[in-house]
Amino acid sequence: MGAGRPLAEGRNLQPIGAFKLRGAVNVIRRLDPDVRARGVVTHSSGNHGQAVAWAARAAGVRAVIVMPEEAMPVKVEATSALGAEVIMAPGARREIVAEAVGAERGMTLIPPFDHADVISGQGTLAVKEPRT
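Quick note on the numbering used here: the sequence shown kicks off at 395 and runs consecutively.
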């Protein structure tokens with residue numbers, strides 16, 4: 395690759411079609427094995443939920459994704475097809491429901507944002523950029 399040539403990564407070529415996968419994989423891989431074995435839970439309208447479902451399946455752990463009742467059916471179906479248990483909840487309550495599921499089942503909550511491992515995983519794209 396020559397200097398000055400712009401490089402691009404097709405996010406649509408990611409297994410779920412979005413960069414969110416990087417953050418989910420990073421969080422799950424960094425969990426202590428005993429914690430990871432209890433499973434993970436998140437709340438999402440789509441891409442983050444699919445990412446957590448994909449990463450959990452790859453790691454061999456259970457995943458519960460709390461989605462808003464108004465989520466697009468294609469997103470719900472795609473998340474379920476990745477092996478996650480999908481729980482529908484009113485949009486304004488999805489975070490509360492995810493927290494309750496996590497507490498009840500002993501699962502780790504992976505928020506869709508505002509989590510150091512999610513952010514650092516999603517930020518790995520910058521590491522791939524060529525250095526001049």
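Keep in mind the hints are simulated off the structure, nothing from the lab. Keep in mind it's a predicted model, so treat the numbers as computed, not measured. Yeah, the Cβ is synthetic: ideal placement off N, Cα and C, and Gly gets one too. Check before you lean on any hint, since a few could be wrong.
Unchecked claim - DEER-style ranges, computed between Cβ atoms:
{"id": "1", "residue 1": "Asp426", "residue 2": "Pro505", "range": "30 to 40 Å"}
{"id": "2", "residue 1": "Glu464", "residue 2": "Arg424", "range": "24 to 34 Å"}
{"id": "3", "residue 1": "Pro484", "residue 2": "Asp426", "range": "29 to 39 Å"}
Hints not upheld, ascending by number: Those not satisfied come down to hint 1.
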